[in-house]
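Each chain, written out:
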Amino acid sequence: MSLNSIRTLGHKGLSFFQRLGRGSILLVNIVLGIPALLPRVRLLIQQTYSVGVLSLLIIFVSGLFVGMVLGLQGYNTLVKFGAEESLGVVVALSLVRELGPVVSGLLFAGRAGSALTAEIGLMKATEQLSAMEMMAIDPVRRVLAPRFLAGLISMPLLAAIFSAVGVLGGYFVGVGLLGVDEGAYWSQIQANVDYHDDILNGVIKSIVFGTVITWIAVFEGYDAIPTSEGVSRATTRTVVHSSLAVLGLDFILTALMFGES
Amino acid sequence: MADDSDILVKVRDLHFERGDRMIFDGVDLDIPRGKITAIMGPSGTGKTTMLRLIGGQLRPSSGTVHVEGQHIAGLGHGALYQIRKRMGMLFQNGALLTDMNVFENVAFPLREHTELSNDMIRDLVLMKLHAVGLRGARELMPSELSGGMARRVALARAIALDPMIMMYDEPFTGQDPISMGVLVKLIRELNDALGLTSIIVSHDIAETCSIADYIYLLSNGKVVGHGTAEELGNSSSEWAQQFLNGYSDGPVPFHYQAKDYLADLMDGADQRAQSNGSSGVAS
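Chains A and B, in that order, give the protein sequences. Counting in numbering that gives the first Met the number 0, the first sequence runs from 0 upward without gaps. Counting in numbering that gives the first Met the number 0, the second sequence runs from 0 upward without gaps.
Keep in mind that the hints are not guaranteed to be accurate.
What the hints assert, rightly or not - One-sided and incomplete, this derived list gives chain B residues near chain A with beta-carbon spacing under 7 angstroms: (1) GLY62; (2) ARG83; (3) MET88; (4) PHE90; (5) LEU96.
Hints are computed from structural coordinates only; laboratory data are not their basis. Quick reminder that beta carbons are idealized off the backbone N, C-alpha and C, glycines included.
Let the sequences and hints guide you as you build the complete structure.
Right under this line is the structure:
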């Protein structure tokens with residue numbers, strides 16, 4: 000009994016490292032394929048549209064609501080200390096440093112990541128990737144590389160849009176509904192949000208999340224068992240693994256960036 | 000058989016395993032240039048695997064596959080992709096790219112591999128589509144095509160780069176009699192008109208025998224018979240006779256391996272008696 004569980008543990012460990020190895024080799028091949036994309040901007044634009052532009056609505060709506068909730072919650076706490084003038088900073092810093100990259104990362108994994116895995120997995124299941132190989136066209140370069148690069152480009156932009164819309168949401172609630180001074184809201188943001196410490200670090204986070212989510216998504220699709228069941232499992236794994244990766248990496252990155260100050 | 004220069008694909012002592020399962024256990028095949036060669040056998044004998052080994056998508060455990068004198072498993076990525084440009088493969092379900100229409104699907108290999116002008120590509124695509132009778136369907140999306148039409152579009156795409164060798168993976172499976180007739184005619188005509196070498200993997204005996212110049216029968220990882228359709232029809236091999244005539248019992252038994260029927264039934268009776276006895280004691 001215990002021998003069996005040790006065996007299972009070993010087996011799971013081995014298969015984890017095998018997948019990690021396959022994933023890393025794939026990542027290297029994708030990155031090597033990126034220069035070949037430069038003369039073919041159209042491919043990249045198509046993919047940026049389906050990965051990025053089609054995720055805009057969910058990012059926009061969620062950003063607005065998260066910002067509005069931050070406005071409400073922040074105001075209720077700050078007003079106790081007579082510091083409601085600082086609402087703008089609270090909303091802006093929470094969004095730019097944390098919620099922007101993290102929440103848009105989670106939404107990106109659910110919207111774009113799952114779609115990427117399902118699309119690539121289905122191309123594999125219907126032998127489209129095999130057919131490309133037989134036509135002497137490398138699917139890693141033709142299919143995966145543009146999608147990967149599109150995810151890398153889209154994610155920081157989506158996170159920035161999320162934060163910007165969130166700050167506006169906080170403004171509507173704080174200034175519009177709760178009567179915080181409009182000038183104070185904006186000037187506090189201007190004075191206390193640092194370009195390097197806050198905005199740049201947030202952008203770095205979103206680039207890291209974008210890389211990891213898109214990597215997981217294209218790998219899961221490419222590595223999926225080519226059946227309908229295999230593709231649906233891979234899609235689930237993409238969302239679960241990339242969400243966990245976002246949260247875990249967020250802690251590590253936050254510790255590195257803001258830990259010392 | 001013919002001398003070496005007439006052999007386009009040469010398979011020698013091929014072994015291939017998937018997990019613990021032996022798929023090929025020492026297979027020798029010769030595919031002659033300019034001819035239609037069929038590889039037939041029951042489901043699960045690795046017919047499709049054979050095509051993937053020839054196309055270099057899989058590597059043999061041991062043994063060799065030579066295409067035009069080149070050792071496929073020994074080729075690097077670049078050289079393998081070069082030789083694949085001269086191989087066409089028709090997949091079982093067509094494998095058309097679902098986000099492009101018929102025209103773009105056929106144009107796809109041309110756009111990827113050549114620097115031809117749009118006018119030239121248009122002419123070439125229309126010629127290939129005309130050859131399979133689907134010039135009028137060029138604006139349709141793959142989801143709007145019937146199974147037979149999808150296969151014909153895939154065929155047009157596979158011959159877009161004028162390959163030297165065409166591989167057909169179960170081209171007749173699941174087709175109505177008319178599409179079947181169309182495909183049989185196309186495979187024969189394209190082979191002769193374009194000077195191709197064709198390999199058909201199939202278990203549709205009548206259709207395959209009607210166009211194949213030479214047939215290999217595979218079973219349990221080995222070649223169990225080869226020859227022209229006529230030679231195989233007159234073969235004394237019981238297995239070949241069972242396969243070609245579709246007898247339900249023979250060297251391939253009707254029953255999956257099991258212990259003796261009577262003993263199996265009696266075992267059940269014994270177990271019931273025992274469990275009744277033990278539950279009686281417990282109560």
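Evaluation of the provided hints:
| no. | hint | result |
| --- | --- | --- |
| 1 | GLY62 | violated (21 angstroms) |
| 2 | ARG83 | holds (4 angstroms) |
| 3 | MET88 | holds (4 angstroms) |
| 4 | PHE90 | holds (5 angstroms) |
| 5 | LEU96 | holds (6 angstroms) |
Violated hint: 1 only; the structure is consistent with all others.
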